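Build the full structure now, drawing on both the sequences and the hints.
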Amino acid sequence: MRRLLLILLLALPISAAEVRVSAAASLTDAVTEIADRYEARTGETIVLNFGASSILATQIVNGAPADLFISADEVQMNRVATVSRVALLSNRLVVVGVPLLKARRIAIANPEAVPAGVYAKQWMKQRGLWTVLAPKLIPTENVRGALAAVEAGNADAAIVYATDARIARRARVAEVINDGPPIVYPAAVLRDAENAAGAQRFLDFLRSHDAGAIFRRYGFLVK
Amino acid sequence: MTLVIDDLVVPLAHFDLQVTATMGARVTAIFGPSGAGKTSLLDAIAGLRALKSGRITFDDVVLSDLPARARRIGYVPQETALFPHLSVARNIRYGGRHHEHHVVEVLEIEHLLDRGVTALSGGEQKRVALARALLTAPRLLLLDEPLSGLDWPLRDRVMQFLQRVRDDFNVPMLYVTHDEEELAAIADEVVKLPIQPHSK
Amino acid sequence: MTDAAIIWFTVRMAALATGLLIPPALALALLLARGTWRGKSVIETLVALPLVMPPVATGLILLKLVPHSVVFTWRAVVIAMMVMSSPFIVRAARVAFENVNPRYEQIARTLGAHEPRVFFTITLPLALRGIAGGVVLGFARALGEFGATILVAGNIPGRTTTLAVAIYDRVQLGHDSAAWHLVAAGVIVAFVAILLSEKSTRRRA
Numbered sequence: 000m001r002r003l004l005l006i007l008l009l010a011l012p013i014s015a016a017e018v019r020v021s022a023a024a025s026l027t028d029a030v031t032e033i034a035d036r037y038e039a040r041t042g043e044t045i046v047l048n049f050g051a052s053s054i055l056a057t058q059i060v061n062g063a064p065a066d067l068f069i070s071a072d073e074v075q076m077n078r079v080a081t082v083s084r085v086a087l088l089s090n091r092l093v094v095v096g097v098p099l100l101k102a103r104r105i106a107i108a109n110p111e112a113v114p115a116g117v118y119a120k121q122w123m124k125q126r127g128l129w130t131v132l133a134p135k136l137i138p139t140e141n142v143r144g145a146l147a148a149v150e151a152g153n154a155d156a157a158i159v160y161a162t163d164a165r166i167a168r169r170a171r172v173a174e175v176i177n178d179g180p181p182i183v184y185p186a187a188v189l190r191d192a193e194n195a196a197g198a199q200r201f202l203d204f205l206r207s208h209d210a211g212a213i214f215r216r217y218g219f220l221v222k
Numbered sequence: 000m001t002l003v004i005d006d007l008v009v010p011l012a013h014f015d016l017q018v019t020a021t022m023g024a025r026v027t028a029i030f031g032p033s034g035a036g037k038t039s040l041l042d043a044i045a046g047l048r049a050l051k052s053g054r055i056t057f058d059d060v061v062l063s064d065l066p067a068r069a070r071r072i073g074y075v076p077q078e079t080a081l082f083p084h085l086s087v088a089r090n091i092r093y094g095g096r097h098h099e100h101h102v103v104e105v106l107e108i109e110h111l112l113d114r115g116v117t118a119l120s121g122g123e124q125k126r127v128a129l130a131r132a133l134l135t136a137p138r139l140l141l142l143d144e145p146l147s148g149l150d151w152p153l154r155d156r157v158m159q160f161l162q163r164v165r166d167d168f169n170v171p172m173l174y175v176t177h178d179e180e181e182l183a184a185i186a187d188e189v190v191k192l193p194i195q196p197h198s199k
Numbered sequence: 000m001t002d003a004a005i006i007w008f009t010v011r012m013a014a015l016a017t018g019l020l021i022p023p024a025l026a027l028a029l030l031l032a033r034g035t036w037r038g039k040s041v042i043e044t045l046v047a048l049p050l051v052m053p054p055v056a057t058g059l060i061l062l063k064l065v066p067h068s069v070v071f072t073w074r075a076v077v078i079a080m081m082v083m084s085s086p087f088i089v090r091a092a093r094v095a096f097e098n099v100n101p102r103y104e105q106i107a108r109t110l111g112a113h114e115p116r117v118f119f120t121i122t123l124p125l126a127l128r129g130i131a132g133g134v135v136l137g138f139a140r141a142l143g144e145f146g147a148t149i150l151v152a153g154n155i156p157g158r159t160t161t162l163a164v165a166i167y168d169r170v171q172l173g174h175d176s177a178a179w180h181l182v183a184a185g186v187i188v189a190f191v192a193i194l195l196s197e198k199s200t201r202r203r204a
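Residue numbers (numbering that gives the first Met the number 0), protein chains in the order written: chain A, 0 to 222; chain B, 0 to 199; chain C, 0 to 204.
Since the hints were derived computationally from the structure, they do not count as laboratory data.
For clarity, every value in this text was computed on a predicted model and none was experimentally measured.
By construction, the Cβ of each residue, glycine as well, lies at the ideal position given by its N, Cα and C atoms.
Any given hint could be a false lead.
Said to hold, decoys possible - Derived coverage of chain A by chain C (criterion: at least 3 residues anywhere in the stretch with Cβ under 8 Å from a Cβ of chain C; other residues may be distant):
hint: 1; stretch: 59 to 71
hint: 2; stretch: 169 to 183
hint: 3; stretch: 190 to 198
Stated by the list, open to error - Simulated restraints, written as ranges between beta carbons of each label pair:
hint: 4; chain 1: B; residue 1: G121; chain 2: C; residue 2: D2; range: 54 to 62 Å
hint: 5; chain 1: C; residue 1: L50; chain 2: B; residue 2: D15; range: 39 to 47 Å
hint: 6; chain 1: C; residue 1: K63; chain 2: A; residue 2: A16; range: 20 to 28 Å
hint: 7; chain 1: B; residue 1: R54; chain 2: C; residue 2: T35; range: 26 to 34 Å
hint: 8; chain 1: A; residue 1: N177; chain 2: C; residue 2: H174; range: 26 to 34 Å
hint: 9; chain 1: A; residue 1: A86; chain 2: C; residue 2: D2; range: 53 to 61 Å
hint: 10; chain 1: C; residue 1: R102; chain 2: B; residue 2: E179; range: 24 to 32 Å
hint: 11; chain 1: C; residue 1: R102; chain 2: B; residue 2: N169; range: 24 to 32 Å
hint: 12; chain 1: A; residue 1: R78; chain 2: C; residue 2: H174; range: 26 to 34 Å
hint: 13; chain 1: A; residue 1: V131; chain 2: C; residue 2: A184; range: 41 to 49 Å
So, in structure tokens, the structure goes:
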């Protein structure tokens, strides 16, 4: 009888169940630091998977294992089935290089696919700047490419996030865009999560004061 | 020891080779010009070529029912085809080591055993190929133009070795050639392949 | 994960993928090299597909095909590497087999060898140089594999992050010197791998 009990106990998953988090690549440094702190504090294991939000969403839609998804925009989050969704972070658009209206060539991340580029385009259309600026735009595959274009002199200016501008070596922020569209980094526990409870706990921590301080340190705006 | 080729039809590129023959001598030459299908006939006897119809029998063994590896026929092809990645010793021992010492002695290749085959002269290659075929103790030895590609002084020398093989080993030989002097030097009987081949 | 750990992980996965690939790739190459059979052109096209399709597209297909328990694990890394490397090995091996003079194989048969013996003692050794070249290419491709891996294995630091993915990451995040470190280490590894393979093929010649 005792042996049976022992076997049953060993068979039960000891709550070393992992929390699987898919997070936008731009959040790598911040989320890694926050996860490390969380693991140290609670003893839980956070398994992080970083990538472009579009690829992360594709993975989730195709059944890849994930409990929590932090996306760089709403569009990708809308593709997946969630149970509790919050607006976690925000960001600001900035112009690096020369002021926009003085620039002859403006680099932005692909305005059809990359969140920063999508928001930039939205802002330009809202402010009626699109027709003037569109012919000057140089779309790049990602934000880093846009920054690199400015630093290499292939573009005079780039529209990127404030968080991206921090990594620029030589390019300086020329303008801060305060009237841009609301930029939201949504986070959600996924409907098909295997460890929904663990995901919710980590999400709560991501919204905590301590995590907020870390996000702010990396230049994000905390909701 | 009799090789019987019964109504053999071997499909070739431009025609079907049709042969019926009985060969019982020590050395039977297969004589004819190039293109007549001599090599193809040897290939068929060795089991390397498919037959359309017909039978090949050696004494009471129906060779044409057996795969090549079971026919125990030694083959010295025209291109010699020594395995380039193996030493002389490994080449000759590939199929067996029957009477190895005797064969090596008769063909005088003792000093070549540890060499690679690519450095051998034409005559040496022929002797090694002969040894390789003989070490399997074959019931029949096929030789496809064994003197081709050799210059004149070497031809005599290798012919001497062939005669030695004929005399020292009790194995009948099928010897393909288009040279009448070779016929005279070694053949006991001759099978002529027709100049006018049958068309398909 | 330290740089060394990332590189070691990637090398191990690439070596495993290449090793697992060799027997089936050789078998397939042999089949393709010998004669004509029904469905041959279909197989030939399938083999070439990973070469022609964008790796991300291949990754998407793998995502659908690979079982749930394997996605996002090192096994998915190996699978992605195997799929992307296979054309190199199969095609090189096929050409190598086709270039073996069939006379050698025929003579071996007359000397009494069964087909397996003919293959292992004659065909394979004579095709080895060509096959080795394909294997080196396949290994190098596996080392650098990015597009398909990212989709089906994810980018999970410590579990599935490979060299190429890590470099891309660091560049994206602006950690340039860290990126250069990995690039330098990667170049050294590739250099050593090529050197070793050149040496071994030369010895065989």
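* Asked: Which of the listed hints are not met by the structure?
  -> Violated hints: 2, 3 and 9; rest satisfied.
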